[in-house]
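**Q** Those protein sequences? They're chains A and B, same order as listed.
Note that numbering that gives the first Met the number 0 gives residue 86 to position 87 of the first sequence, counting from 1, and the numbers run on in steps of one.
Note that numbering that gives the first Met the number 0 gives residue 259 to position 260 of the second sequence, counting from 1, and the numbers run on in steps of one.
For the record, the hints were derived by calculation from the structure and aren't laboratory data.
The C-beta atom is built at its ideal place from N, Cα and C for all residues, glycine as well.
Be aware that one or more of the hints could be misleading.
List of simulated lysine-lysine pairs, DSS-like, C-alpha gap at most 27 Å [said to hold, decoys possible]: (1) Lys233/A / Lys211/B; (2) Lys16/B / Lys156/A; (3) Lys126/B / Lys16/B; (4) Lys105/A / Lys16/B.
Computed spacing ranges between beta-carbons, pair by pair [to be verified]: (5) Asn19/A / Val171/B: 45 to 53 Å; (6) Lys161/B / Thr90/A: 38 to 46 Å; (7) Glu89/A / Pro160/B: 34 to 42 Å; (8) Glu183/A / Ala193/B: 38 to 46 Å; (9) Glu220/B / Asp80/A: 44 to 52 Å; (10) Glu289/B / Pro53/A: 49 to 57 Å; (11) Pro160/B / Ala211/A: 39 to 47 Å; (12) Arg247/A / Asp287/B: 20 to 28 Å; (13) Gly54/A / Lys81/B: 39 to 47 Å; (14) Glu39/B / Glu50/A: 36 to 44 Å; (15) Lys233/A / Ser145/B: 47 to 55 Å; (16) Lys232/A / Glu220/B: 20 to 28 Å; (17) Glu252/A / Glu39/B: 41 to 49 Å.
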Amino acid sequence: MNIYVCIKQVPDTETKIKLNGDNSGIDTTGIKWIVSPFDEFAIEEALRLREKNPGSTVTVLSAGPTRVVEAIRTALAMGADNGIHVETPETADSNYSAKALAGALKKEPKVDIVFTGKEAIDDGAAQGSQLIAEFAGLPYATVVLNAEYGASSVKCKREVEGGAFEMLEVQLPALIAAQKGMNEPRYASLPNIMKAKKKEVKVLKASDVGVADADQKIRFKNFQLPPPKQAGKKISGDPATQAKELARLLHEEAKVV
Amino acid sequence: MAKVFVIAEQRDGRLKKSTFELLGASAAAGNETHAILLGEGVAGLAAELAHYGANKVHVADHAGLKFYTADAYAQVILGVVKSSGAEIILAGHTPTGRDLMPKLAARLDAGLASDCTSLAFEGATVKVRRPVYSGKATAEVEFIGSGPKLVSMRSNALGVPKPDTSKTAEAVSVAVSLGDLKTKVTEVVKGASARPDVTEASIVVSGGRSLKTAENFKLLEDMADVVGAAVGASRAAVDAGYRPHRDQVGQTGKVVSPALYVACGISGAIQHLAGMRTSKVIVAINTDSEAPIFQVADYGVVGDLFQVVPALQGELSKMKDH
Numbered sequence: 000m001n002i003y004v005c006i007k008q009v010p011d012t013e014t015k016i017k018l019n020g021d022n023s024g025i026d027t028t029g030i031k032w033i034v035s036p037f038d039e040f041a042i043e044e045a046l047r048l049r050e051k052n053p054g055s056t057v058t059v060l061s062a063g064p065t066r067v068v069e070a071i072r073t074a075l076a077m078g079a080d081n082g083i084h085v086e087t088p089e090t091a092d093s094n095y096s097a098k099a100l101a102g103a104l105k106k107e108p109k110v111d112i113v114f115t116g117k118e119a120i121d122d123g124a125a126q127g128s129q130l131i132a133e134f135a136g137l138p139y140a141t142v143v144l145n146a147e148y149g150a151s152s153v154k155c156k157r158e159v160e161g162g163a164f165e166m167l168e169v170q171l172p173a174l175i176a177a178q179k180g181m182n183e184p185r186y187a188s189l190p191n192i193m194k195a196k197k198k199e200v201k202v203l204k205a206s207d208v209g210v211a212d213a214d215q216k217i218r219f220k221n222f223q224l225p226p227p228k229q230a231g232k233k234i235s236g237d238p239a240t241q242a243k244e245l246a247r248l249l250h251e252e253a254k255v256v
Numbered sequence: 000m001a002k003v004f005v006i007a008e009q010r011d012g013r014l015k016k017s018t019f020e021l022l023g024a025s026a027a028a029g030n031e032t033h034a035i036l037l038g039e040g041v042a043g044l045a046a047e048l049a050h051y052g053a054n055k056v057h058v059a060d061h062a063g064l065k066f067y068t069a070d071a072y073a074q075v076i077l078g079v080v081k082s083s084g085a086e087i088i089l090a091g092h093t094p095t096g097r098d099l100m101p102k103l104a105a106r107l108d109a110g111l112a113s114d115c116t117s118l119a120f121e122g123a124t125v126k127v128r129r130p131v132y133s134g135k136a137t138a139e140v141e142f143i144g145s146g147p148k149l150v151s152m153r154s155n156a157l158g159v160p161k162p163d164t165s166k167t168a169e170a171v172s173v174a175v176s177l178g179d180l181k182t183k184v185t186e187v188v189k190g191a192s193a194r195p196d197v198t199e200a201s202i203v204v205s206g207g208r209s210l211k212t213a214e215n216f217k218l219l220e221d222m223a224d225v226v227g228a229a230v231g232a233s234r235a236a237v238d239a240g241y242r243p244h245r246d247q248v249g250q251t252g253k254v255v256s257p258a259l260y261v262a263c264g265i266s267g268a269i270q271h272l273a274g275m276r277t278s279k280v281i282v283a284i285n286t287d288s289e290a291p292i293f294q295v296a297d298y299g300v301v302g303d304l305f306q307v308v309p310a311l312q313g314e315l316s317k318m319k320d321h
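Pulled out of the complex, with its shape left as it was, chain A reads as follows (with noise of 0.2 Å):
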């Protein structure tokens, strides 16, 4: 099987957010740039298949600008196979960077099935995977929990409100968006990390894969910081006291029971 993974690049989760001069977007200096938490389920999914699938490769790929090759190696580190960096600036939106990565696994030989995390953690916007799909032509599931491989086609349960789910089948070449417990992500071993250094990671260009600026539908501006809120109420007493000025509050003051 030819196995692909999209994945993106951001800030670590205990980043503090600091904004650049002009407030169109954030300082990233000092930044640590991790592989988004959601797109880990994916890679460890498609290694999992490719140990059920003997002769299967792992192609991961990923949009943004050169630091992006540092969360590709990351995901080679972790056993996948090779590698491809789309190159696209750091203000692409959803719709720029999933046109560039259906693009580039448009040129692919043969796609089997392609994962994804639900959504990335710096803009949260979960719009890439179901974009990614629809340009590469693929039918999707996401937020699946679980997924069985059949030889046309996938049968995912997928998270919905109220600890309901849905079961999806889905006819393959299929995208899967992975949520937070599909799978338990594997650490990368010393002797996969010296490989991964020799690993190809092949760039392509975004006009290589058919992006153009008419591709950017939206952007970010007027960034602000919450603003600081002002100190709270403490209330005192002992716990029964606590309890009832709490409820009175909540009532009285605040109203929302």
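With chain A's structure known, arrange chain B on it following the hints.
**A** Chain B in isolation, oriented as in the chain A frame:
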């Protein structure tokens, strides 16, 4: 004034609150507000959509639309919006809305601003803001190009308007012929809990690792049930196995925006705050007076949750009885 299309969402014949929020906001701005209603045996819901602000309801009632699939729903919705010159298309950023909207945007060659928390109509366009970096910052979204503008809104961000039962809407039936479909829902497995989802509830009661065991979450569940709240959890509590991941609030879990968020025994790690800081009122109950959660709390109770929560439950029950 704009021509606005709201994708009405229903599950098991019940319309979602998020749909009412969208209709209300569009109607209040004086827009020509259309609703698109899809499902099987759902035509009867059109009247309710009118009460919340729809001027016209496009009803696609078909056995093949009983369960949502992006494949089938997109075919029908695209037919409606393309033929009627939609300028703005709105949906809730719900499990269905977030799955569907990017597909519509791609097919319409249009931009989508997803998971927005503020929305203002300006002529034929919209001004929206959304959280980025899981709420550590917000940004305005500018649409580029001339196509329709697609927006998905976070639940509870707009508020549900009061329904006006005297309002009516023209209902038009949409002819449905579903072409080649590559996805199929074979079964919907209902959640075991009757409690609302953390992303939809008006009140969320969340617990952290201080709860110590999965069983102790019963304390929070009992209080939640008094006020119809959802029960959430911090990543630490989920990682410890006290709650399933679907209940996790935070950057790698759900992002919630309820009217009231009660954090019990949660210290307030930056990745948790990212998931709940847009809540309108935040209560923190924690033994550690230095816990970062108190910096975002409107009401802080320094105390033992094992004592405060049952007492609070008692007070809330009393209030309900009156």
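**Q** Against the structure, test the hints numbered earlier, and report the numbers of the ones violated in rising order.
**A** 4 and 8
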